[in-house]
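Same order as they appear, the protein sequences are chains E and R.
End of the first sequence = 131 in my numbering, gap-free, step of one.
End of the second sequence = 420 in my numbering, gap-free, step of one.
By construction, these hints were calculated from the structure, which means they are not laboratory data.
A few of these clues could be false.
[Unchecked claim] Below, in silico cross-link-like pairs of lysine-lysine (PhoX-like), each with a Cα-Cα straight-line distance of 25 Å or less: (1) E:Lys36 <-> R:Lys102; (2) R:Lys107 <-> R:Lys265; (3) E:Lys97 <-> R:Lys76; (4) R:Lys325 <-> R:Lys109; (5) E:Lys17 <-> E:Lys34; (6) E:Lys93 <-> E:Lys104; (7) E:Lys123 <-> R:Lys103; (8) E:Lys123 <-> R:Lys102; (9) R:Lys156 <-> E:Lys79; (10) E:Lys123 <-> R:Lys76; (11) E:Lys79 <-> R:Lys157; (12) E:Lys79 <-> E:Lys104; (13) R:Lys385 <-> E:Lys17; (14) E:Lys123 <-> E:Lys104; (15) E:Lys22 <-> E:Lys77; (16) E:Lys37 <-> E:Lys21; (17) R:Lys76 <-> E:Lys77; (18) E:Lys5 <-> E:Lys37; (19) E:Lys36 <-> E:Lys22; (20) E:Lys17 <-> R:Lys107; (21) R:Lys385 <-> E:Lys31; (22) R:Lys157 <-> E:Lys85; (23) R:Lys386 <-> E:Lys77; (24) E:Lys5 <-> E:Lys34.
[Stated by the list, open to error] Taking beta-carbon pairs under 10 Å as the criterion, some of the chain R residues facing chain E (in silico): (25) Pro65; (26) Glu66; (27) Glu93; (28) Val199; (29) Ser394.
Cβ atoms here follow ideal geometry from the backbone N, Cα and C, with glycine treated the same way.
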Amino acid sequence: MTIEKEITCIICPIGCKIIIKKEGERLNILKGNKCKKGIEYARNEIFDPRRMLTSLIRVEGGEWPLVSVKSTDPVPKDKIFTILKEIHNTTIKAPIKSQQVILKNVANTGINIITTRTVHLLKNNNFFYKR
Amino acid sequence: MIEQTADVVVIGGGPAGLAAAISAKQHRANRVIVLDRNQWLGGILPQCIHDGFGVEELGVSMTGPEYAETYIEMAKSQGIMFLTETMVLRFNEALEIIAVNKKGILKLKAKVIILATGCREKTRWYSMIPGTRPSGIYTAGVTQALINLYNIMPGKKVVILGSGDVGLIMARRLKFEGAQVMGVVEFLPYASGLPRNVVQCLDDFDIPLYLNHTITYIAGKERLEKVTIQQVDHTMTPIPGTEKQIACDTLLLSLGLIPENELAKTIGVEIDDHTGGPLVNQRLETTIPGVFACGNCLQVYDTVDMLSFDAKKTGQYAAEYFIRKKAIGQNSKKGLIVHAGVGVRYVVPQRISTYGTIHFTLRVDKPRGATTLLLTAGKKEVLKKKLLGVNPVSMIRIDANISAEIFMAANELEVTLCDN
Ligand SMILES: Cc1cc2nc3c(=O)[nH]c(=O)nc-3n(C[C@H](O)[C@H](O)[C@H](O)COP(=O)(O)OP(=O)(O)OC[C@H]3O[C@@H](n4cnc5c(N)ncnc54)[C@H](O)[C@@H]3O)c2cc1C
Chain E
1 MTIEKEITCI ICPIGCKIII KKEGERLNIL KGNKCKKGIE YARNEIFDPR
51 RMLTSLIRVE GGEWPLVSVK STDPVPKDKI FTILKEIHNT TIKAPIKSQQ
101 VILKNVANTG INIITTRTVH LLKNNNFFYK R
Chain R
1 MIEQTADVVV IGGGPAGLAA AISAKQHRAN RVIVLDRNQW LGGILPQCIH
51 DGFGVEELGV SMTGPEYAET YIEMAKSQGI MFLTETMVLR FNEALEIIAV
101 NKKGILKLKA KVIILATGCR EKTRWYSMIP GTRPSGIYTA GVTQALINLY
151 NIMPGKKVVI LGSGDVGLIM ARRLKFEGAQ VMGVVEFLPY ASGLPRNVVQ
201 CLDDFDIPLY LNHTITYIAG KERLEKVTIQ QVDHTMTPIP GTEKQIACDT
251 LLLSLGLIPE NELAKTIGVE IDDHTGGPLV NQRLETTIPG VFACGNCLQV
301 YDTVDMLSFD AKKTGQYAAE YFIRKKAIGQ NSKKGLIVHA GVGVRYVVPQ
351 RISTYGTIHF TLRVDKPRGA TTLLLTAGKK EVLKKKLLGV NPVSMIRIDA
401 NISAEIFMAA NELEVTLCDN
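Kindly generate the complete structure, drawing on both the sequences and the hints.
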């Protein structure tokens, strides 16, 4: 079976429209990608669609109530909500540095969840939110 | 009153202010002070937890907080001074700034001022939606701050008006946090956010995008109960008989951003009606000598990468303004006015005070296929560039060489699109 399809690349804000042609297990990138990353994206989008996942984890004793986190690599699309559940069930203690590993091998994907910002300890007068 | 002097005072410590401050320092400005009313640096980036920042500029995709921390560390290591929780109240043509913080009133005398005040969101007032005035109506950026910074969920069943990036990204955030997202309503025939956000924020989760639709009624007594959506024709007029009601407790408005220039306006900095930002020359200087602008208060940028790139230019020009004032030289001639012609919504800079290679940024008025961009001075063609397709969502950047000859002979430049 041959399928011709347009895929919008999400690697960067340009959003190239990549035309692909799939014949059985063979995939041809016909046109539209402005860089090499688009080829890989289109291939994955057909055989193994993945997304970067960003969310937040609850923090105790920090100047902020939350710390932003991300997956170290794109995660399988169908695992997003399973991973989010693990993230939502986690609480960590301040102080927190950026790039700290919080969840290892999340949902058995081999991918870690790491922090993306610094959260200092809450000191007197130093909170950014009303508790 | 606390009095201080500085070479460069930057108003706003978002990515634009930080990039401009770093660049001014690198171009030999000594005392560089950044003022921000927030308790933190980085402007709105700490609430933009999604990734996609820095791809063009740094070659890696970062989240907003990561991008901000990269710049904050760079700025700190260069000895730039920061005053957070400090709100600038006004400044004057002598470049004296009045600000206020917990310690009291602060007076700063600067050699140059850089405006980096960012932008704010359009509210319900801008779209004049009829109906009641219940609670549950928020702008998308405020919701983003509530959820991502303060851990507050604004509602459970959400409709989003406007398909700008902030709205699209919030559709996904709300979904991730367990809300029901009923749909995104857009009155244009195309999404106004980036294509990547339509794919990964709406399509991925089967969130409906109602193009050519608007909200024509808001109902609810104390809390929002439902909205009426209606199809619009090509003149944006609602079509009778197409009304549809959607039950919801929360409405997010993602109607676009307006450059924040209230401060600049008070001293008479001229504003371009189309960009909403100050009129600037090729050195990104406003109509008040010594006052420069960068970032989203100059024009609303698509990406932070491009914004930082231009903000660094602003920092350089601001430093050069007092360090090599003579070398820059002002021409006896007043300069050229740059017009946005057929097919073009705006062009920055809006005026040119000397010849040389000029960096232009512009936006088109509507999406088109293959077209040719023309830069003309009177009848003379300065630059001609074929473009495969254009969209108001994507800013166009071009460099053009304005020769001394053209500069002296012409009074204005015009940028137009000419369909092939
Ligand atoms: C939801 C959302 C998603 C985005 N996604 C992306 C993306 O995926 N990729 C990308 O590249 N870009 C993205 N952007 C754009 C990017 O975040 C902005 O372009 C950038 O943050 C604007 O920088 P700025 O410094 O001009 O303004 P801001 O970040 O708004 O900073 C302005 C600062 O000025 C301060 N200020 C204003 N007035 C005063 C005053 N009178 N006194 C003292 N301080 C003052 C404010 O407190 C603020 O800190 C996104 C933006 C939003 C809102």
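So, going through the hints one by one against the coordinates:
no. : hint                  : result
1   : E:Lys36 <-> R:Lys102  : 52 Å, violated
2   : R:Lys107 <-> R:Lys265 : 20 Å, holds
3   : E:Lys97 <-> R:Lys76   : 17 Å, holds
4   : R:Lys325 <-> R:Lys109 : 18 Å, holds
5   : E:Lys17 <-> E:Lys34   : 9 Å, holds
6   : E:Lys93 <-> E:Lys104  : 17 Å, holds
7   : E:Lys123 <-> R:Lys103 : 19 Å, holds
8   : E:Lys123 <-> R:Lys102 : 17 Å, holds
9   : R:Lys156 <-> E:Lys79  : 23 Å, holds
10  : E:Lys123 <-> R:Lys76  : 22 Å, holds
11  : E:Lys79 <-> R:Lys157  : 24 Å, holds
12  : E:Lys79 <-> E:Lys104  : 15 Å, holds
13  : R:Lys385 <-> E:Lys17  : 22 Å, holds
14  : E:Lys123 <-> E:Lys104 : 30 Å, violated
15  : E:Lys22 <-> E:Lys77   : 21 Å, holds
16  : E:Lys37 <-> E:Lys21   : 17 Å, holds
17  : R:Lys76 <-> E:Lys77   : 39 Å, violated
18  : E:Lys5 <-> E:Lys37    : 18 Å, holds
19  : E:Lys36 <-> E:Lys22   : 19 Å, holds
20  : E:Lys17 <-> R:Lys107  : 53 Å, violated
21  : R:Lys385 <-> E:Lys31  : 22 Å, holds
22  : R:Lys157 <-> E:Lys85  : 20 Å, holds
23  : R:Lys386 <-> E:Lys77  : 38 Å, violated
24  : E:Lys5 <-> E:Lys34    : 17 Å, holds
25  : Pro65                 : 4 Å, holds
26  : Glu66                 : 5 Å, holds
27  : Glu93                 : 36 Å, violated
28  : Val199                : 5 Å, holds
29  : Ser394                : 8 Å, holds
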